[in-house]
Structures are given as C-alpha cells and as structure tokens.
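Engineer: The listed protein sequences derive, respectively, from chains A and B.
When we follow our numbering, the leftmost residue of the first sequence carries the number 26, and every step to the right adds one.
When we follow our numbering, the leftmost residue of the second sequence carries the number 3, and every step to the right adds one.
Hints are computed from structural coordinates only; laboratory data are not their basis.
We treat Cβ as the ideally placed atom computed from N, Cα and C, and that holds for glycine.
A couple of the hints might just be wrong.
Unchecked claim - Now the stretches of chain A that chain B is said to cover, found in silico as 3 or more residues with beta-carbon under 8 angstroms: (1) 78–84; (2) 90–101; (3) 118–130; (4) 171–182.
Said to hold, decoys possible - Cβ pair distances, simulated, as ranges: (5) B/Thr56 with A/Thr185: 28 to 38 angstroms; (6) B/Val47 with A/Thr154: 42 to 52 angstroms; (7) B/Glu58 with A/Asn107: 42 to 52 angstroms; (8) A/Ala42 with B/Gly30: 45 to 55 angstroms; (9) A/Glu142 with B/Met157: 54 to 64 angstroms.
Claimed, not checked - Residues from chain B that face chain A, not an exhaustive set, calculated with beta carbons under 8 angstroms: (10) Met3; (11) Ala4; (12) Ser114; (13) Gly116; (14) Ala117; (15) Gly119.
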Amino acid sequence: MAASQTWTALVQGAAPAQNKYMLAMFNGAGSGRIFRLYKVYIVNMQSGAVTGVDVTFEFRFITSMTIGTGTVVTPVTHDTTNTGLPVQLLVATTPQTVGDGSLLRTWHWSSDEAAIEVATQDEIEMLHTYSLFWESGAYDNTNIQPLVMREGEGLAIKCTTNTTVGAGDYVFEFTNDAP
Amino acid sequence: MAETYTAYTAGVTFANGKSFMGIFNGVGSGKVIRLYRMLMLNNQVNAITGDITTFEVWTVSAFSGGSDMTVTKHDSTNLAINANVLVQYGATTFTEVVRLRRFVWQDEEPASDGATGREWECIVPLCEVIRLGYRDPDGSPIVLREGEGVHLRHMGTMAVGVADVSMEFTQGTT
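So here's chain A without its partners, still in its complex pose (with noise of 0.2 angstroms):
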C-alpha cells in the first residue's frame, strides 16, 4: 500500500501567551481533502536563561478559524512530488480568531531554559521521544485512527497559562487524503 502523503508543520522558537494558539490547522470548505493528523510534539528550545513557569497546554478540536493577524505557517511535505495543498487548508500560529471544539488532552509544560548536564523536566523536553504529546493511529498500529479534519473541522494547541516565558517548537505531522 503506498503511504498516505505526509506534512510536517513546524512553529520555531514560538513564546507561549494566555490563549495564544500556538499551532492551529483548519480544513476550510471546499477543500476536497480529509486531513489526517497523527503527531504532536512539544520541544523546548529555550536556551537563554529565564525564570521558568508550568505552562498548561490544550489541544482540541476547533470549529473554525481566520488566520487574519496571525502567521501563515508552511508545511513542509516529505516528498517534493506530493499534490500541493489546497488553499482551503489553513495552518497558523496566533490565528486571529479560534472556534474552540473538544478538548483531547491537557498537559504541564516547563518553559524553564534547558541546561548543560541537567535531567530535570526543561531537559527532558527536548527530547523528541517525551515531547510527543499526541499520537494515534501512528504507523504501526493500523487499529486505531489519527485525527482526522474533514472540511470544516481543525486541530489546535492552546496556551492558557497567563506568561510568555519560553520557547518552543511546536510540530504537527499530518496527512493529505481523498475522501
């Protein structure tokens, strides 16, 4: 079976703020796509030295969204011969406006700088394996479905937490499907 087209898009460095959407993807209508989204990662990048907090992260659902102030964010695709994306498809960070959906998960972050010959929550955080904060449906495990986004549907990670100390990059690997 030939593999599904896969995406990765990627926030860099992206400080967190009270209901800040730090990476959002919406499949806008007419779009003619289902869009699969199968991981999730948090990684700390923060290096300079600050005054860290415990940062509580949502991803949800959502139900709409306009990227209107926010940044465009460009997938990357992991093969250049791959369809391109339809421009129904909108992938953001600090879009302009969210229609909040079901809430998945809820997590506790550390936006404390990651540290030289240190093992606390900071450090662990950059690690790719414990920063995968949502997986389903992944590659071995054909049982269980991703998160799939049919027109009109989207995904969503939330800052609630009230500070913008830190930095992280924040990942979505999806997939672009027919119907």
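Based on the hints, put chain B in the right spot on chain A.
Structural biologist: For chain B alone, kept in the frame of chain A given last:
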C-alpha cells in the same frame, strides 16, 4: 481501521478508594469495545501537601454511579458511543474481577525546573498506565464484551490533589 475515541476528564479529585476512570460495556450494546491506552497526568497547579499513593487497574463485571467522561470521536463521522457503554469517572458501584496492573503515584503539584516523579508524571509518553496492542499487531488490547469493563482505582486515602485521566478505545460490532 476501527472507529476510535478519546475519553478525557481534567481535574479528577483524589478521594479514598475512588474510581478515577473506567469503561463498561453494558449488556445489550451489541458492541465490542477495545481499550488500547489509559493515561494519567499530574496536571495540577495548586500547592498541596501531597504524598505517595497507589493505583490499581481492574477488570470489572459491574460499574455505575459515576460522572460521564467527555468522549471525542477521532473522526466526526464515527458512530456515537452506544448508550449501554458507560465511560465514567467517580463510579460508586463496581465489582472488581481481576487486577491487571498496579502503580505508585506522586500526588503533589509539579514545579517548573523540577526533576522528581511529580514532574515525570507530566510527560505524556511516561504516563501511559495501560498500553496494550498498540504498535504491536501481535498483542491484543483489552477486549470488553457485553457485561465487561475496566477501571482505574485509587487504592490510597489521599483526599487532596487532582489528576487528568484519559482513555483511547475503539467501538465495533465484532
């Protein structure tokens, strides 16, 4: 690919002997439930005077009296969870059959820049209490036929602190 669901509840409060989460396939559902993963996350921010406590995962032959967990379909076209399938936290009536797992838990708020068990309990890949038949096509998840269930119970007496709980399961007809 089986229709898949995530059940999630934030902030389940500790109490003596409390059922923290469970799923029960009631008689008459006409469904088979397969439980692949249970997760428990130490997502609490308020300072508490915590302690070490223990949890156990049991199969159950009866289960009721709790509050419904939020169940989200992985695909919006999936069927709704059958009305005879209970997905609850805080169940007050249950009949335990077989113990599947035990673990120790640090009930204490995590601290930024910490490196103790309470911080590890925030790292999602480290918080899978049950992971069966996942990435292992030769292994089976926990299969719940009608009249069968599984729950996670707090075995200690701690009555402070909270935790988030989650289950990933499929619903099918066979």
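Engineer: Name the hints, by number, that the structure is in violation of.
Structural biologist: 2, 6, 9, 15
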